[in-house]
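The opening position of the sequence shown corresponds to residue 1 in the numbering used here, with each subsequent residue numbered one higher.
Simulated from the structure, these hints should not be mistaken for lab results.
Take the hints with a grain of salt, since some may be wrong.
[Unchecked claim] Derived lysine to aspartate or glutamate pairs resembling EDC-like cross-links, with alpha carbons at most 16 Å apart: (1) K103 - E52; (2) K103 - E60; (3) K81 - E27; (4) K103 - E147; (5) K40 - E52; (6) K4 - E27; (7) K11 - E27; (8) K81 - E60; (9) K11 - E49; (10) K4 - E147.
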Amino acid sequence: METKRQEDIRKLMQMPEEAIASLNESEADRLGRLAVMFYKETGDGVYKEKAEQIRAAQGELPEDICAMPFFMEYETVCGKKERYNKIVDRMEDEASAGFADAKARNAYLAALVDVIDGISFEIYEKYRTLTAVYKRVLKDALAEGEETTELAYAILKGCNIGILLKEKYAETGALMAGHLKNTGMTDQTEYLSDITARTIEQYDLLAMEQSE
Numbered sequence: 001m002e003t004k005r006q007e008d009i010r011k012l013m014q015m016p017e018e019a020i021a022s023l024n025e026s027e028a029d030r031l032g033r034l035a036v037m038f039y040k041e042t043g044d045g046v047y048k049e050k051a052e053q054i055r056a057a058q059g060e061l062p063e064d065i066c067a068m069p070f071f072m073e074y075e076t077v078c079g080k081k082e083r084y085n086k087i088v089d090r091m092e093d094e095a096s097a098g099f100a101d102a103k104a105r106n107a108y109l110a111a112l113v114d115v116i117d118g119i120s121f122e123i124y125e126k127y128r129t130l131t132a133v134y135k136r137v138l139k140d141a142l143a144e145g146e147e148t149t150e151l152a153y154a155i156l157k158g159c160n161i162g163i164l165l166k167e168k169y170a171e172t173g174a175l176m177a178g179h180l181k182n183t184g185m186t187d188q189t190e191y192l193s194d195i196t197a198r199t200i201e202q203y204d205l206l207a208m209e210q211s212e
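With these hints in hand, go ahead and build the complete structure from the sequences.
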């Protein structure tokens, strides 16, 4: 049976350039990251070509900070890392400017943890800068105590990619995300929001590791 990702990549491969050019930033982020993922996994240049088409249609940097992960992944895998400084500066500026509310802050954290996951560890100074911003904003989010799916995702993925201590944060993230496992829809991710499906994925990865 075709998975949701396989279905999405099939549709993307059939998508004409004019349709790609009309993607909004959220769609471009989701499909662009999918194309980069398949390129990394298979080495097939057709996926890189689709990622390049999406990136070319999106301009310099996205207005929506939540669309930044694709830009970082593209720079790392398909680009020359020439825009690393601009991406990192933008993420820092967003945090420095503050957030309208907890929802905006937690959405930023979800995007930031993906940006960190996409950066090359070889560019350690930039990696360290972003992880410091992540931990500072996360501290504020936990102090405020307003739970959202985005915050659960940011914590769980932070644990899974090694920027948070699992011993300290895994239980917190798992408790926030736990109710998603009891919705009765965890096997029907096409009906879930993208962030909910990704949170469940991170939850499962962490649970699998802890059960071994």
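Taking the hints in turn, this is what the structure says about them:
no., hint, verdict
1, K103 - E52, "31 Å, violated"
2, K103 - E60, "26 Å, violated"
3, K81 - E27, "23 Å, violated"
4, K103 - E147, "9 Å, holds"
5, K40 - E52, "14 Å, holds"
6, K4 - E27, "15 Å, holds"
7, K11 - E27, "13 Å, holds"
8, K81 - E60, "13 Å, holds"
9, K11 - E49, "15 Å, holds"
10, K4 - E147, "27 Å, violated"
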